[in-house]
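Engineer: So you can see what is in the structure, the chains are spelled out below.
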Amino acid sequence: MPYFVLKALESQERYGYELIQHLKDDFNTEVTESTMYPLLTRLQKEDLLISKWIEQPTGIPRKYYYISDHGRANLAEMKKSIDENLTK
Amino acid sequence: MKAIEFKDAASQRVYNSYIARCKRVVKILSVQDQEECLMEVNSYIYEYINDHHEDEMTGLLNILDRLGDPEITLREVVASKKIDQAIKTYNIKYLFQALFLNLRNGVAYILLAFMTVLLVTFPVLIVMKLITPSKTGIWVGPHTFFLGIISGKPDGIREIAGNYFIPIVIVLSILLYLLIITILKAIRKKKP
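Which chain is which? The protein sequence lines are A and B, in order.
Counted from 1, the first sequence has number 1 at position 2 by numbering that gives the first Met the number 0; the numbering is strictly sequential.
Counted from 1, the second sequence has number 58 at position 59 by numbering that gives the first Met the number 0; the numbering is strictly sequential.
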């Protein structure tokens, strides 16, 4: 799951709910909010993601998640590992 | 946190009740962390309802079902934020809370909890040294070495610290506390 999240954030920042929808639409992976929220917190603690609250006209702000440099390096390692396993 | 307003009174009650449960779960955190958690849960609820054009109550019940019980969903988040608070503040109360919340996360935390309990015994030893100086100290003997309180005095065992016992225990307390915080930081930095 961390791989999918990092991959989804590789090209653009997303907020939690948007991320869930993106994983469902583009990766065919169903994740509930009860899984996503702790996972995003964990990835942030591990310095793989950074986040920023963005105010919205509705008054309910969104917390946008961005992949960090460390996250990109980690994602590259994961991709390499997956590719190596696939070629075996 | 700005509360979501529902047209239906029943939906509002359900929402308020869920947020109240979340507030109870995060109450142990700093005010800033509490607000952060509640804003995030609130955002998930709002975005889901906004994106699903079913009736208000159905949408609300669906997202609350997806979020799960706050006591379970927020457990890891609360435990994680509590560790950060303990590391930042060096407050022993937060350290205890963090270790208790994280006990289930592995052997390392059990070890840390043991070390913390040991840390708490040190002030007790200092008090006991003042009350019963002849029975409290660092004891050595054949095949014996321990720090603590002795009842009676078995042959061959003698106390070696004397008046330096209290300073030694204070230094040990500081070193142990720094060691606990260092291990916590190391665990926090552990990569997936």
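FYI, nobody ran anything at the bench for these hints, they're computed from the structure.
Errors might be hidden in some of the hints.
Stated by the list, open to error - Simulated crosslink set (DSSO-like; lysine-lysine; CA at most 30 Å straight-line):
| id | chain 1 | residue 1 | chain 2 | residue 2 |
| --- | --- | --- | --- | --- |
| 1 | B | 152 | A | 62 |
| 2 | A | 87 | A | 51 |
| 3 | B | 152 | A | 51 |
| 4 | B | 134 | A | 44 |
| 5 | A | 62 | B | 26 |
| 6 | A | 79 | A | 6 |
| 7 | A | 44 | B | 1 |
| 8 | A | 44 | B | 22 |
| 9 | A | 62 | A | 87 |
| 10 | B | 152 | B | 184 |
To be verified - Computed footprint of chain B on chain A; a stretch qualifies when at least three of its residues, placed anywhere within it, have a C-beta under 8 Å from a C-beta of chain B:
| id | segment |
| --- | --- |
| 11 | 29 to 38 |
| 12 | 60 to 68 |
Note that CB positions come from ideal geometry on N, CA and C, so glycine has one too.
Engineer: Assess, step by step, whether the Cα of residue 152 of chain B is no farther than 30 Å from the Cα of residue 51 of chain A, and give holds or violated.
Structural biologist: violated, 64 Å
Engineer: When you check the alpha-carbon spacing of residue 44 of chain A and residue 1 of chain B, does it fall within 30 Å?
Structural biologist: This hinted pair holds, its Cα atoms lying about 26 Å apart.
Engineer: Tell me if the straight-line CA distance from residue 152 of chain B to residue 62 of chain A falls inside 30 Å.
Structural biologist: Cα-Cα ~64 Å, so violated.
Engineer: Run the distance test for residue 79 of chain A versus residue 6 of chain A: straight-line Cα separation, threshold 30 Å.
Structural biologist: holds, 13 Å
Engineer: Between the alpha carbons of residue 62 of chain A and residue 87 of chain A, is the straight-line distance 30 Å or under?
Structural biologist: violated, 40 Å
Engineer: With a cut-off of 30 Å on the C-alpha distance, tell me whether residue 134 of chain B and residue 44 of chain A pass.
Structural biologist: violated, 47 Å
Engineer: Is it true that the CA of residue 62 of chain A sits at most 30 Å from the CA of residue 26 of chain B?
Structural biologist: holds, 21 Å
Engineer: Does residue 51 of chain A sit within 30 Å of residue 87 of chain A, going by the straight-line distance between their CA atoms?
Structural biologist: violated, 40 Å
Engineer: Holds or violated: residue 44 of chain A with residue 22 of chain B, Cα cutoff 30 Å?
Structural biologist: holds, 22 Å
Engineer: Quick check: do three or more residues in the segment 60 to 68 of chain A have a beta carbon closer than 8 Å to a beta carbon of chain B?
Structural biologist: holds (count 3)
Engineer: Hint check: residue 152 of chain B vs residue 184 of chain B, CA-CA at most 30 Å. Holds or violated?
Structural biologist: Answer violated: residue 152 of chain B to residue 184 of chain B is near 42 Å, above 30 Å.
Engineer: Count the residues of the segment 29 to 38 of chain A whose Cβ falls closer than 8 Å to any Cβ of chain B, and tell me whether that reaches three.
Structural biologist: holds (count 5)
Violated hints, listed in ascending order, are 1, 2, 3, 4, 9, 10; each of the other numbered hints is respected by the structure.
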